[in-house]
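So the protein lines, in turn, are chains R and E. Mapping of the first sequence onto my numbering: residues 1148 to 1416, in sequence order. Mapping of the second sequence onto my numbering: residues 1148 to 1416, in sequence order.
Any given hint could turn out to be false.
Said to hold, decoys possible - PhoX-like mimics (lysine-lysine), calculated; alpha carbons at most 25 Å apart, straight line:
| hint | chain 1 | residue 1 | chain 2 | residue 2 |
| --- | --- | --- | --- | --- |
| 1 | R | Lys1262 | E | Lys1331 |
| 2 | R | Lys1265 | E | Lys1331 |
| 3 | E | Lys1331 | E | Lys1265 |
| 4 | E | Lys1331 | E | Lys1271 |
| 5 | R | Lys1271 | E | Lys1331 |
| 6 | E | Lys1331 | E | Lys1262 |
Simulated from the structure, these hints should not be mistaken for laboratory data. Model, not experiment: these values are computed from the prediction.
There are 2 protein chains.
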Amino acid sequence: MLEDVTLTVGQYELVLNLFSMTIAAFLGGFIYLLGMRSQVARRFQPALLVSAVVLAIAGYHYWRIYGSFQGAFAVSGDVAEPTGDSFNNAYRYVDWFLTVPLLVIETIAVLALAKAEKRSLLIKLVPAAALMIALGYPGEIAETTGPRLVWGTLSTIPFLYMLYVLWTEMGSALSRQSDAVRVKFRNLRLLLLGTWGVYPIAYLLPVFASEASASLLVGREVGYALADILAKALFGVLIAQIALVKTAELIEAGEVDLTDGESVRVTAP
Amino acid sequence: MLEDVTLTVGQYELVLNLFSMTIAAFLGGFIYLLGMRSQVARRFQPALLVSAVVLAIAGYHYWRIYGSFQGAFAVSGDVAEPTGDSFNNAYRYVDWFLTVPLLVIETIAVLALAKAEKRSLLIKLVPAAALMIALGYPGEIAETTGPRLVWGTLSTIPFLYMLYVLWTEMGSALSRQSDAVRVKFRNLRLLLLGTWGVYPIAYLLPVFASEASASLLVGREVGYALADILAKALFGVLIAQIALVKTAELIEAGEVDLTDGESVRVTAP
Chain R
1148 MLEDVTLTVG QYELVLNLFS MTIAAFLGGF IYLLGMRSQV ARRFQPALLV
1198 SAVVLAIAGY HYWRIYGSFQ GAFAVSGDVA EPTGDSFNNA YRYVDWFLTV
1248 PLLVIETIAV LALAKAEKRS LLIKLVPAAA LMIALGYPGE IAETTGPRLV
1298 WGTLSTIPFL YMLYVLWTEM GSALSRQSDA VRVKFRNLRL LLLGTWGVYP
1348 IAYLLPVFAS EASASLLVGR EVGYALADIL AKALFGVLIA QIALVKTAEL
1398 IEAGEVDLTD GESVRVTAP
Chain E
1148 MLEDVTLTVG QYELVLNLFS MTIAAFLGGF IYLLGMRSQV ARRFQPALLV
1198 SAVVLAIAGY HYWRIYGSFQ GAFAVSGDVA EPTGDSFNNA YRYVDWFLTV
1248 PLLVIETIAV LALAKAEKRS LLIKLVPAAA LMIALGYPGE IAETTGPRLV
1298 WGTLSTIPFL YMLYVLWTEM GSALSRQSDA VRVKFRNLRL LLLGTWGVYP
1348 IAYLLPVFAS EASASLLVGR EVGYALADIL AKALFGVLIA QIALVKTAEL
1398 IEAGEVDLTD GESVRVTAP
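Produce the complete structure using the sequences and hints provided.
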């Protein structure tokens, strides 16, 4: 098991502190997204709401992950040794199983597409997202390289399919958006590609190493946590920015009146 | 007692992880339903609110159930052995005693019926729901098959009465709804029938087995937890969808103005 290693106190504290930072980032993002709903046109509010739901679910899981990591190691002197209580990786996968489909939903929701177009994207992307996570878990808990590679490869198939749909079908939906929205959406997709690329690297770390080691465990946990912060909290902030830009465009076009009795500029802090 | 069995670590972790997933699903659903109230006409908002209340109560109880299960077993090596602290099934029944009548209330509330019609349904369905749960509990904690079957049968009487009312009296209330709402409501009732059918099966598992076993306990807990996720969280999402469809119809008919100053499309993510 990757977790049956002795950490230095520095490594142990690095991981715990990073988990705590993740909880704090999700808490802050959660409140921001809930509150920013009143700054955007009603049609974009569900996107911000779903984004807040993602951060609440993920924050709950990092709370559990923090506790599980704390229970799995006991500090004695300069080292943190395994207690025998296993570090529960399932929290991550349950989290991703719930939140990755929701991240897809918020991405589609912020476009406020026509019903048929929205439905077509949801039907393709949401099951693919759930399948990607479900196929990854057996590989994550595998003790040997063989099954880890097999399940990892199977999980990659829905991932590639999602990228294909995001860059083709969603691309054509994007072509009807304004330049400003298209630029923001390009950044959003690049963030998605960049952060989602970290997960397979963290997942494959054990394959590249000849044996379990402390730095391997720390590398995996740091990789997953940083990727989660970017892919959920920063992603949510970008979703809010897109909603703000689109709201400003609707106000400009006279389609939406979002005022306190007077004309108002909608701005992101 | 069904709980006096030794589990494998895998079985123990499966149950705990599923309980944790249930908490996360209820947390997410709770936030979603509270937030979506601003997307529906005011007359449907209480239905979403009651649905959020259900998820809050159920999430609290799963937090207790998680802790009770964790305290009832101690991992040692490859197995999880009973500690002597009993796993508290009463949390489930208290939860159902409070939430099943509320689920009935939210189902009636989302129809926004005339007062007399609403009252007639509530008077029949709410006491029947409470009675169904109250009669089930003595059977659940019974040590032998006899009382389990007797109480189970008594509990089935209000259950069948509820199905009768849902399919006859509510059926006639539904006949005045639009096609789109009727289809959604058909799905809602089928979900109710399908998930509520899981509870008696999980309840009767001990009757079919000659003795207590780990797989029996795991089967019962997995069955109850999955049924709860579907019957409460997914049920709540369907309630929100019905409210959104009915709101869109009211906007279409010019009866409701739910705008940011001007015409607005209400969309569900």
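Hints breached by this structure:
Result: no hint breaks.
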